[in-house]
Amino acid sequence: MSETVASVSALIVKTLLANPKVPRDINGSSKIVEDLAFDSLAVMNFVMEIEDTLDVSVPLDRLADIRTIDDLAACIVSLKQAS
Amino acid sequence: MSIFSKYEGLASALASVTAGGGRNPFDVVIEKPISSTVGLIEGRETLLFGTNNYLGLSQSPAAINAAVEAAKAYGVGTTGSRIANGTQGLHRQLEERLSAFFRRRHCMVFSTGYQANLGTISALAGKDDYLLLDADSHASIYDGSRLGHAQVIRFRHNDADDLHKRLRRLEGTPGSKLVVVEGIYSMMGDVVPMAEFAAVKRETGAWLLADEAHSVGVMGKHGRGVAEADGVEDDVDFVVGTFSKSLGTVGGYCVSNHAGLDLIRLCSRPYMFTASLPPEVIAATMAALTELENHPELRIRLMDNARRLHTGLQAAGLRTGPQASPVVSVILDDVAVAVAFWNRLLDLGVYVNLSLPPATPDQHPLLRTSVMATHTPAEIDRAVDIFATVAREMGISRAA
Ligand SMILES: Cc1ncc(COP(=O)(O)O)c(C=O)c1O
Numbered sequence: 001m002s003e004t005v006a007s008v009s010a011l012i013v014k015t016l017l018a019n020p021k022v023p024r025d026i027n028g029s030s031k032i033v034e035d036l037a038f039d040s041l042a043v044m045n046f047v048m049e050i051e052d053t054l055d056v057s058v059p060l061d062r063l064a065d066i067r068t069i070d071d072l073a074a075c076i077v078s079l080k081q082a083s
Numbered sequence: 001m002s003i004f005s006k007y008e009g010l011a012s013a014l015a016s017v018t019a020g021g022g023r024n025p026f027d028v029v030i031e032k033p034i035s036s037t038v039g040l041i042e043g044r045e046t047l048l049f050g051t052n053n054y055l056g057l058s059q060s061p062a063a064i065n066a067a068v069e070a071a072k073a074y075g076v077g078t079t080g081s082r083i084a085n086g087t088q089g090l091h092r093q094l095e096e097r098l099s100a101f102f103r104r105r106h107c108m109v110f111s112t113g114y115q116a117n118l119g120t121i122s123a124l125a126g127k128d129d130y131l132l133l134d135a136d137s138h139a140s141i142y143d144g145s146r147l148g149h150a151q152v153i154r155f156r157h158n159d160a161d162d163l164h165k166r167l168r169r170l171e172g173t174p175g176s177k178l179v180v181v182e183g184i185y186s187m188m189g190d191v192v193p194m195a196e197f198a199a200v201k202r203e204t205g206a207w208l209l210a211d212e213a214h215s216v217g218v219m220g221k222h223g224r225g226v227a228e229a230d231g232v233e234d235d236v237d238f239v240v241g242t243f244s245k246s247l248g249t250v251g252g253y254c255v256s257n258h259a260g261l262d263l264i265r266l267c268s269r270p271y272m273f274t275a276s277l278p279p280e281v282i283a284a285t286m287a288a289l290t291e292l293e294n295h296p297e298l299r300i301r302l303m304d305n306a307r308r309l310h311t312g313l314q315a316a317g318l319r320t321g322p323q324a325s326p327v328v329s330v331i332l333d334d335v336a337v338a339v340a341f342w343n344r345l346l347d348l349g350v351y352v353n354l355s356l357p358p359a360t361p362d363q364h365p366l367l368r369t370s371v372m373a374t375h376t377p378a379e380i381d382r383a384v385d386i387f388a389t390v391a392r393e394m395g396i397s398r399a400a
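Chains A and B, in that order, are what the protein sequence lines are.
Under the UniProt record's numbering, the first residue of the first sequence carries the number 1, and numbering increases by one thereafter.
Under the UniProt record's numbering, the first residue of the second sequence carries the number 1, and numbering increases by one thereafter.
For reference, chain B alone in the conformation it holds in the complex (with noise of 0.2 Å):
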């Protein structure tokens, strides 16, 4: 018996998948980034709809010239862990920037956002506390939650009240109770009521984690996120995030105003056992950082051309997630019809992400979408027109 054999019914779901001659969706190439908006895929010039870099800012000037001047002047690479000779004057700076920027006495730095989830969550609940999941939290989050030793509960989405009565369970149970949110949910687009979640967790001396990787640089007057926007950040405990999506470049931080947060790095293993991000990812982060700070108008345009997308779907008779976010996502019944459509999408010039149950909310297959500041009015209605030729050659739009 092969060691793969378990892996049967998955190699049976990708080949049908690909049955129908479609390409396989998770082996997408791009060739060549030829702007933040347009990549070459297949030879083609294609619209990228699917990047989540909100700000484009992995294509900004003044980051790529950090990236190049700090690898100049100190190479490639740390070869070595945060704790060990992997820290070096620029990981103190990111982790200072980041502090200020968030208004938060203590900041970890990691070397990418799962790993910050994972190196967060694992280490704060420990093996007498509980731990609170989203029922749609990010895969990150899940993994987090295997590698501690906490109980895990998993609360109805969005629903702070459900929360509240999993609280109410767990009334005079000895343990801390860490809860886990998401800024704006990577799938869906939709945005957590943060407010509501504060107001459980100050009523239940909770702990509270928001997981802010879609929503900073993209809510709130100076990009600090949902909780930002919901004037509740003295009650988020932790915020964690990453650089790979509005900062363009790769690595993931938790900030804090507990002083605790600084005993995290002896014992979060996947800060301890992994190498540091290299230099020129530091810089260029924190030259993306400057370029967020002093631009807000880019979170302007940026929510200007998610409510264009979302509305131009949603007139193309397609079926959207509930809010204009930098994610819409067209919901779909089937798995078969869902490939096709996505398929086609990338023939007529437009790439967007194939998410597939079980990955996805509800069993629904969706074409998720982002949307990027940098997005001209023209490609998004290029994108749109495309979208709705597409829904209606497969006859799936619904009567506008």
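Bound conformation, chain A alone (with noise of 0.2 Å):
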């Protein structure tokens, strides 16, 4: 597998903009939170999704460190490493 950080983080970005109600001006450095008013269901329901398509499951207390959609990224491309 040959993921980086740049191509999860522009995938999740992606994914997010599929939403609707997603703001459209988002980008790796956006707060999952505070910029896109999840709350902690929205983010685990959202980050499953991110999960099927990466063939990767993030263990809830990762989620707890995560800001901003680059260190979701960063989460993802290590827990892969490690696999």
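Keep in mind that the hints were calculated from the coordinates and are not lab data.
Beta carbons: idealized from backbone N, C-alpha and C, even for Gly.
There may be inaccurate statements among the hints.
[As the list claims (entries may be wrong)] Among the chain A residues that face chain B by a calculated CB cut under 10 Å, a handful are:
hint, residue
1, D35
2, D39
3, A42
4, N45
5, I50
6, E51
7, D52
8, V56
9, V58
[To be verified] Calculated lysine-lysine pairs in the DSBU-like style (CA-CA distance at most 30 Å, straight line):
hint, chain 1, residue 1, chain 2, residue 2
10, A, K14, B, K165
11, A, K31, A, K14
12, B, K127, A, K80
13, B, K165, B, K127
14, A, K21, A, K31
15, A, K31, A, K80
16, A, K21, B, K6
17, B, K6, A, K31
18, B, K32, B, K72
19, A, K14, A, K80
20, A, K80, B, K165
[Claimed, not checked] Cβ-Cβ distance ranges computed for the label pairs, FRET-style:
hint, chain 1, residue 1, chain 2, residue 2, range
21, B, V76, A, K21, 51 to 59 Å
22, B, R168, A, E3, 29 to 37 Å
23, B, N257, A, S29, 51 to 59 Å
24, A, P23, B, F26, 26 to 34 Å
25, A, P23, B, A19, 22 to 30 Å
Two chains, two separate frames, one set of hints: put the complex together.
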């Protein structure tokens, strides 16, 4: 697998933009809770979609440290490398 | 800055719920239960359709007598933890009764069902283990996962294939994998496809814990829950449950054939660091269990009533959950409509639970009803009529 933080981050942004409620001007440094107005359940549900696309499971405790889309991308890349 | 300022959002959400002059739905007082199905609310006799008291046993004369006798004989409290001075003969007796009922060798009794989930999940899944939770799990299961140190992975609700996929990703990773499902899900009343989960468990070597809080006394020929109904009890390693629903009292338990369960008594903080159940509750619970065992017809009446309510609400043009089960939820789209609907039902003499997102699946507000074996057909028809009246008044019934 050759995913990089940049490619995963771009994929997350693309997935998010498929939801019409998400602001149009998001990028890798957007904050998931503050800028996207996601509550904790919405974050978990959206991560589930990304997990399916990238065939990875993100443990819930890892989510606690994630603020931005790039943080999530970096976490996914490190999980994929570990497996 | 006030210590409460982080709750300003909560305060304004609550204010908007009561803005139209409606009640605070989280502050309803049942002044007095009159029977299992009728309570006095705001001075009026109100039909109770939101109690989880599935068999009506909170008002069982046998259980009441047992409680009175036990209080007279043993006093009203134990004043101590199960691992110190809080284990009396009655606690042992109740554990043996539950073991016999579930046909499992080991049983631990906790002070609530919430603590039973907290105490088993946090202790079973350790630092190097994985906990796999259904996305729609009850708060006590999520909280148990936070009290413990395992890595926590969610799978899609009631989707055994999705679980399988996630277990496959963990193949070769050291650590035990503990899967947690519920028998009947508390918000929508949908039933777990237990046989499918049992098959995944067998194939992957994971451990399976089933919280049968809403299904014990309700499903299965002997009332042992969905695992019994589906014929897969041998695949369920741990059954967790509560006395606060079909048994009508309070308390929780975990039963298992694994001898290791007895070690959990010495490392489960929600078991060790709280006082044990008082004698009168234990005696009432054992009497209620006898009622549950001796009256299988209660389960038949309960399911008949569930179908009557489910069919009636659908015929009234309301959207409900997929299955007729003792939990029947009416699904609405808008929180303000749900709040107004709920208030009007109570004005007209029907109490149900108002469940609001994020505690509900899919962000929909719910009018959550629960049915009882002791409801008469006339009481159910009256509740359905009142639902239909309010739906018409509010113009939200789907064309039937
Ligand atoms: C699925 C589920 N598990 C556990 C519990 C907790 O039970 P208890 O009320 O005994 O604490 C509940 C009830 O609230 C529940 O719905």
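Going down the list of hints, with the structure as the test:
1. D35: Since the shortest Cβ distance to chain B is 17 Å, the answer is violated.
2. D39: OK, holds: D39(A) within 10 Å of chain B, min 6 Å.
3. A42: At about 8 Å, which falls below the 10 Å cut-off, the nearest Cβ of chain B leaves the hint on A42(A) intact, so it holds.
4. N45: Hint on N45(A): holds, closest Cβ of chain B at ~7 Å, below 10 Å.
5. I50: violated, 13 Å
6. E51: Because about 8 Å separates E51(A) from the closest Cβ in chain B, which is inside the 10 Å limit, the hint holds.
7. D52: Nearest chain B Cβ about 8 Å off; hint holds.
8. V56: Status holds, d = 7 Å.
9. V58: holds, 8 Å
10. K14(A) <-> K165(B): holds, 24 Å
11. K31(A) <-> K14(A): holds, 15 Å
12. K127(B) <-> K80(A): It holds: about 21 Å lies between the C-alpha atoms, which stays within 30 Å.
13. K165(B) <-> K127(B): Answer holds: K165(B) to K127(B) is near 22 Å, not above 30 Å.
14. K21(A) <-> K31(A): holds, 15 Å
15. K31(A) <-> K80(A): Measuring from Cα to Cα gives roughly 23 Å; hence the hint holds.
16. K21(A) <-> K6(B): holds, 25 Å
17. K6(B) <-> K31(A): holds, 19 Å
18. K32(B) <-> K72(B): holds, 24 Å
19. K14(A) <-> K80(A): holds, 20 Å
20. K80(A) <-> K165(B): holds, 15 Å
21. V76(B) <-> K21(A): 51 to 59 Å: holds, 54 Å
22. R168(B) <-> E3(A): 29 to 37 Å: Since the Cβ atoms of R168(B) and E3(A) sit about 19 Å apart, the hinted range of 29 to 37 Å is violated.
23. N257(B) <-> S29(A): 51 to 59 Å: holds, 53 Å
24. P23(A) <-> F26(B): 26 to 34 Å: This hint holds: roughly 32 Å between Cβ atoms.
25. P23(A) <-> A19(B): 22 to 30 Å: For A19(B) against P23(A), whose Cβ atoms are near 28 Å apart, the range 22 to 30 Å holds.
Hints 1, 5, 22 from the list above are not met by this structure, while the remaining hints are.
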